[in-house]
Amino acid sequence: MIESDPKLALFIMDLRSKSEEEISKIILKHRKDMAEYNSAIGQQAYDFYLRTFYLIANGHKVNEIDFIKAIGSPDLKVKKLGYLGSSFIHNSDMLVSMVNTVKNDLENGMIYHVLSFLGNLKVVDEEYQVLVSKLKELINENKSKKEAYVIYYKFINCISRMNLSEINEGIFFIKLQIIIDKFRNHPINEDIEFLSKSNEISNVIFILQRTKKFYIKTKCVQIFNLLLDYNLSIDESAIKYLEESVTVIRLLKRSLGEVAYYVECVEFLLKKGVSSQKTNTFLFKMLQSGNEYFLNIAIRLAKKYHIYTDIAIDKLITMGLETDENYDLLISMIDQSNYQSIYERREEIIMTLEGKDLSQEEIQCKINELINRILNLCPNKMVYDVFNAFPLYSVTKNVKNFLTENCALKFFNELKGNDNPEYFALFYQSALVGNKVNEIDYSSLLRHLEIVKEEILTENFFYLKDVLNLILILLFYKKEHIKSSQEILIQIYREFYTKNSEIKGILLENILLYNIFLENKTIFIEDDIFLEYVLLKNNLTHTIQITGTNDINQIFIYQNSQPLSYKLKNKLDKFIIELNLQSNNDLRIEIIMNNTKYINFISNIN
Numbered sequence: 177m178i179e180s181d182p183k184l185a186l187f188i189m190d191l192r193s194k195s196e197e198e199i200s201k202i203i204l205k206h207r208k209d210m211a212e213y214n215s216a217i218g219q220q221a222y223d224f225y226l227r228t229f230y231l232i233a234n235g236h237k238v239n240e241i242d243f244i245k246a247i248g249s250p251d252l253k254v255k256k257l258g259y260l261g262s263s264f265i266h267n268s269d270m271l272v273s274m275v276n277t278v279k280n281d282l283e284n285g286m287i288y289h290v291l292s293f294l295g296n297l298k299v300v301d302e303e304y305q306v307l308v309s310k311l312k313e314l315i316n317e318n319k320s321k322k323e324a325y326v327i328y329y330k331f332i333n334c335i336s337r338m339n340l341s342e343i344n345e346g347i348f349f350i351k352l353q354i355i356i357d358k359f360r361n362h363p364i365n366e367d368i369e370f371l372s373k374s375n376e377i378s379n380v381i382f383i384l385q386r387t388k389k390f391y392i393k394t395k396c397v398q399i400f401n402l403l404l405d406y407n408l409s410i411d412e413s414a415i416k417y418l419e420e421s422v423t424v425i426r427l428l429k430r431s432l433g434e435v436a437y438y439v440e441c442v443e444f445l446l447k448k449g450v451s452s453q454k455t456n457t458f459l460f461k462m463l464q465s466g467n468e469y470f471l472n473i474a475i476r477l478a479k480k481y482h483i484y485t486d487i488a489i490d491k492l493i494t495m496g497l498e499t500d501e502n503y504d505l506l507i508s509m510i511d512q513s514n515y516q517s518i519y520e521r522r523e524e525i526i527m528t529l530e531g532k533d534l535s536q537e538e539i540q541c542k543i544n545e546l547i548n549r550i551l552n553l554c555p556n557k558m559v560y561d562v563f564n565a566f567p568l569y570s571v572t573k574n575v576k577n578f579l580t581e582n583c584a585l586k587f588f589n590e591l592k593g594n595d596n597p598e599y600f601a602l603f604y605q606s607a608l609v610g611n612k613v614n615e616i617d618y619s620s621l622l623r624h625l626e627i628v629k630e631e632i633l634t635e636n637f638f639y640l641k642d643v644l645n646l647i648l649i650l651l652f653y654k655k656e657h658i659k660s661s662q663e664i665l666i667q668i669y670r671e672f673y674t675k676n677s678e679i680k681g682i683l684l685e686n687i688l689l690y691n692i693f694l695e696n697k698t699i700f701i702e703d704d705i706f707l708e709y710v711l712l713k714n715n716l717t718h719t720i721q722i723t724g725t726n727d728i729n730q731i732f733i734y735q736n737s738q739p740l741s742y743k744l745k746n747k748l749d750k751f752i753i754e755l756n757l758q759s760n761n762d763l764r765i766e767i768i769m770n771n772t773k774y775i776n777f778i779s780n781i782n
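Take the position in the sequence shown, starting the count at 1, then add 176; the result is the number in our numbering.
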C-alpha cells in the first residue's frame, strides 16, 4: 500500500486551485526539484516520487526516467512507487532499460510488484523474454503461481492457453486486460477461436453478474465489445443483463467507476443496435448533468451514434469549447441538418474563441475551419452572405471551391474603391475567379501595397502576410510594370530586413522571381544589399554589366577561381562595372562594405 502523505494532499489542493498556466509552472518546478535532489532513498525521496506518481497518473508530463531510477532504489517504499509509475511509461527504450532490474527483483523475492508491472505492459519487447524461464520457476515453486501463469501466457503470446474460469477476481481482471491488449495488437486466428468459445464467455458472464467491483464489470463489457468487433455471437441473456444494469437515477451521486460501467454498457448496446428508452434516457441525463466529465463522454457518444446531436452541440458551445479537441468535435458534428442553426450562433462561437488564450492568427484559423464546413454544406445563395461576413476567409486556398463567378463579379464591383485591408483578399480572389485581373489598375495595387506595408509595420499582420502574397501575385500579372514593381519591393524589403523575417522572406522570393521577365536582373548579396546585372551579347564577346550603389567600398569578381578585370564608371549615386566573360561559368561576387565582406554568385549565365 501507498502511505498517505499530508504533503501530497497539500500539493494536490494547490494544483486544483490553479490555472493551467500556473499548473505548468508548478510541474516544471517539481521536475527541477527532482533533478536537483537526485536521490531515491529516504522520506524526502518518497515524498518527491509520490508527487511524481500523482502527476503521471493524472496525465501530466514528468521525467519518466525518474521511475527507472526509483525501481533501482534500495528503499522498498520508493521501489514500489517506481513500479507503479513505470506502468505509465510508453517509451519502449526506457522500458527495455529496466529489464535487468526487473529480473533481479524477481530473483530477490519482490514478486508481487514486479508481476503487476509486467501485467500492465501494453507490448512485451523481445528483451523481456529473458524473464520467461524465471516465470516458469515461480510456477514450479508455487510462488504467486496464478499471477505468474497469467504473465507467462502474456509473454509467450498465447492467450488461448489461458482459461477464464477464475475465482480470484484480481487475476481474472488481469487476464481480461491481457486479452484486450492482444486484440488491440494484431490477434491471430487462435486468439479469435479462443474468444468464440461459449464456455469462456460464460465465465465472463458469470463474473459480470456476481462481482460487486465496477472496474471488473467494465472490463467484462469491453470483452463483449471485442465480440462485436469480430462478429462473434453474444448470449441474449448477457445483452438483457447489460440493459437492465444501466441506472438513470441520481447519476451525480454515483462513483466514477460505477458511471464508467454504465457508459460502457450503453455504448455496447448502441453499438449492437439496441436502442431503448433506458439507453436514450441515460445519454440525455448525462448531457443535462452539468458535470464536465459526464458531458464530454455523452457528447462523443451522441456524435458517434447520432443521438441528441443538437443537444450535444448546444452543450459544446455553452461549455465554452475549452479545448481544441472540443472545437474539432463541434466542427465534425456540423451536417446538413444543423449547419444553419450553428451559423446563426457564429458570434457566440467567436466570442468563446476570443475569450481563450489564443493569438489572433490561431482564432482566425479556427474561424476558417468553421466557415469551411459551413460553405461545404450551404446552398449557393448563402455563399455571398458568408463571404461578406467573413472576408478574411478569402486568404485560404479553398476560396475557388465556393466562390461562384456571379458572386465574384458582385464582390469585385462592390469592393473596387474599398481601402479596408480586411477586404483586399476577397477583392483579389473575386478578380481571379471572375477573370477581372486586367481591370485592376496598377496604381490601386501600389496603394494597397502601401496600406498593407504600414499595417504590417505596426505589427498588425496576422492575416496581412497572406494579403501581401496575393498583391505580389497580381503585380506579377502586370508585366509592363514589372521592373518598377521589383524596385518598389526592394525599397520595402530594406524597411523590413531587420524587423520581420517572415515578411522579408516573402518579399525577397518575389523580388528574385520577377527576374524571369527582366533582362536587367537583380542579385541579392546579403542584409539589404542588391546589385543589378545585364548580359550584353554580340557576335564576338559576351559582356556583363553590373550596377550597384556608391556606398559599396570595393568589389571583386571571379570566374573559374580567377579574378576578372573590369571597367568602372560612376553615374550619380551608382557605379557601373563592365567586363568581358571568358565562359558562361558562374561568377563569384565579393564586395566590401563598412569593413565587412559579402559574397554571392551569378549563375546560369547564357
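Keep in mind the hints are simulated off the structure, nothing from the lab. Fair warning: there could be bad hints in the mix.
Computed list of lysine-lysine pairs in DSS-like fashion (alpha-carbon distance at most 27 Å, straight line) [unchecked claim]:
1. K429 with K373
2. K253 with K279
3. K659 with K194
4. K461 with K573
5. K532 with K659
6. K253 with K205
Of the hints stated earlier, which fail here? 1, 3, 4 and 5
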